[in-house]
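Q: Residue numbers (my numbering), protein chains in the order written: chain A, 50 to 223; chain B, 14 to 225.
Any given hint could turn out to be false.
[To be verified] Anything over 10 Å on all C-beta distances counts as not near chain A; from chain B, calculated:
| id | residue |
| --- | --- |
| 1 | L26 |
| 2 | S30 |
| 3 | S35 |
| 4 | T39 |
| 5 | A79 |
| 6 | D100 |
| 7 | P118 |
| 8 | E130 |
| 9 | W132 |
| 10 | Q172 |
| 11 | E207 |
| 12 | E219 |
[What the hints assert, rightly or not] Cross-link-like lysine-lysine pairs, in silico, DSS-like; alpha carbons within 27 Å at most:
| id | chain 1 | residue 1 | chain 2 | residue 2 |
| --- | --- | --- | --- | --- |
| 13 | A | K147 | B | K144 |
| 14 | A | K166 | B | K27 |
| 15 | B | K144 | A | K92 |
| 16 | A | K63 | B | K27 |
| 17 | A | K165 | B | K27 |
| 18 | A | K125 | B | K144 |
| 19 | A | K191 | B | K144 |
[Stated by the list, open to error] The calculated label-pair distances, taken between Cβ atoms and stated as ranges, are:
| id | chain 1 | residue 1 | chain 2 | residue 2 | range |
| --- | --- | --- | --- | --- | --- |
| 20 | A | Q54 | B | L143 | 27 to 37 Å |
| 21 | B | E145 | A | Q54 | 28 to 38 Å |
| 22 | A | K125 | B | V192 | 25 to 35 Å |
| 23 | B | A183 | A | K125 | 29 to 39 Å |
| 24 | A | N115 | B | L143 | 21 to 31 Å |
| 25 | B | T162 | A | Q54 | 36 to 46 Å |
| 26 | B | V192 | A | R208 | 23 to 33 Å |
| 27 | B | K37 | A | V149 | 24 to 34 Å |
| 28 | A | E106 | B | V81 | 24 to 34 Å |
| 29 | A | K92 | B | R179 | 38 to 48 Å |
To be clear, the hints were calculated from the coordinates, so they are not data collected in a lab. For glycine and all other residues, C-beta sits at the position ideal for the given N, C-alpha and C.
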Amino acid sequence: MPDRQKELFELLDKSGANLYALLTRLTLREDIAEELMQELFIKLINSRSFDKAGNPEAYARRAAINLAFDWRRSRKRNPLRLDQIREPASNDSSPLAKLVRAEEMDEILNAIGQLKKVPREAFVMRYVQQESYDYIAEQLGKTSHHVRALCSRALNRLRNLLGSNQHKSSGKET
Amino acid sequence: MSKIDENNIDHRLKALSQIEPSSKATNRAIQRARETLINENKSRQGTNTRIWRSIFKSPITKFAAAAVLLIAAGYATGRLSAPEPMDVEELKTALETSLKSSLEPAIRQDLIVQLNEQWQSAFAVSSARLKEDLQQQVRRDLTEFAAQTLAASGTLTNQRLIELIRLIEAARIRERQQVAAALEQIEQDKIRLEKGLVTLAAQTNELLGTKQ
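When you get a sec, could you build the whole thing from the sequences and use the hints?
A: Right under this line is the structure:
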């Protein structure tokens, strides 16, 4: 266990800020991202498959993405009370612009949440984290060409989800 | 979902990727995760230590340990006081048998009892906690449900209404300022008109006087 703890401390020092930024982008809330960050490391210290993971950083990122989208789904089921609503994380200054921006981003994140896990991870790394295709391929253990195809299909799926009133998809695709 | 064009999707994704949490929040989150790791490790170590401590607290274990010490002391005394060297192998076997017969069942029994007690207490605690959590959750959900139905759905509308009220208020203030400026202008025009009329009356009088 001390080895695991040491490894997790190293991971926290190396990728903690990136993981927190990723969680903030996916939840649009700094307070929720902080909660999820804590939950993530509890999961990692108790996870049996963490030791078997070849790339701890990729494992942690995948777990973080899953946690964030699980939170988004649970939030849909249990809408927030008035007193639970905090200022959304955004770079705009006006309150109205912030609200509009947060609503737009919520819409796009909910659509990303409907993608399957692997394309979703590749899509988030490419479009939310702005990583290169080569880096994503290395992290996911796939070829760069495969990652490009995954991202392209995911983007098309996203356009379908967001671009039509008639086409309301109930299940997962791509 | 609303209808969004492709540029808008790209724009939103770009905006999403540009969100950066504050460094203060990042440091706080990292520090909190670090503390969580430390606490989680401590709690695991604590559990192991508790088990061993509880085993050595037991009188049976104490008795077994005392028996081992006595046997060892007896062996040492016998060896020192013996007139001729004894059969070491025989002694070793006798000691092993004696130790096994006296210690092993006692420790095993004690370990089973301790673990059993611990599991039972842990199970009772966790089941009570679960029950309590479940009750609290159900109660919370029921009480929140009514409030959430109205409050959550109207939140955005409320905030936008507040924004709208602010805008209307600002427009009303501007309008009042314009009306005040217009009234002032009218007042100045009136004063000028009065002066003009006075001048006209004076000139008319003068003209009439000249004619007469």
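Q: Could you run down the list of hints and mark each one as holding or not?
A: Status of each hint after checking the structure:
1. L26: violated (5 Å)
2. S30: Violated: least Cβ distance 5 Å, not greater than 10 Å.
3. S35: violated (7 Å)
4. T39: violated (5 Å)
5. A79: holds (34 Å)
6. D100: Since the minimum Cβ distance to chain A is about 47 Å, D100/B lies beyond 10 Å and the statement holds.
7. P118: holds (32 Å)
8. E130: Since the minimum Cβ distance to chain A is about 25 Å, E130/B lies beyond 10 Å and the statement holds.
9. W132: holds (19 Å)
10. Q172: violated (6 Å)
11. E207: holds (50 Å)
12. E219: Given a closest Cβ separation of 67 Å, the condition holds.
13. K147/A - K144/B: violated (41 Å)
14. K166/A - K27/B: It holds: about 21 Å lies between the C-alpha atoms, which stays within 27 Å.
15. K144/B - K92/A: Roughly 24 Å between the alpha carbons, so the hint for K144/B and K92/A holds.
16. K63/A - K27/B: Given pair K63/A, K27/B holds - Cα atoms ~25 Å apart, limit 27 Å.
17. K165/A - K27/B: With Cα atoms ~21 Å apart, K165/A and K27/B stay inside 27 Å; holds.
18. K125/A - K144/B: holds (26 Å)
19. K191/A - K144/B: With a Cα-Cα distance of about 46 Å, the restraint between K191/A and K144/B is violated, given a limit of 27 Å.
20. Q54/A - L143/B: 27 to 37 Å: holds (28 Å)
21. E145/B - Q54/A: 28 to 38 Å: Check passed, 31 Å falls within 28 to 38 Å.
22. K125/A - V192/B: 25 to 35 Å: violated (50 Å)
23. A183/B - K125/A: 29 to 39 Å: holds (36 Å)
24. N115/A - L143/B: 21 to 31 Å: holds (25 Å)
25. T162/B - Q54/A: 36 to 46 Å: holds (45 Å)
26. V192/B - R208/A: 23 to 33 Å: violated (52 Å)
27. K37/B - V149/A: 24 to 34 Å: For V149/A against K37/B, whose Cβ atoms are near 26 Å apart, the range 24 to 34 Å holds.
28. E106/A - V81/B: 24 to 34 Å: violated (51 Å)
29. K92/A - R179/B: 38 to 48 Å: Taking Cβ atoms as reference, K92/A and R179/B lie about 44 Å apart, which means the hint holds.
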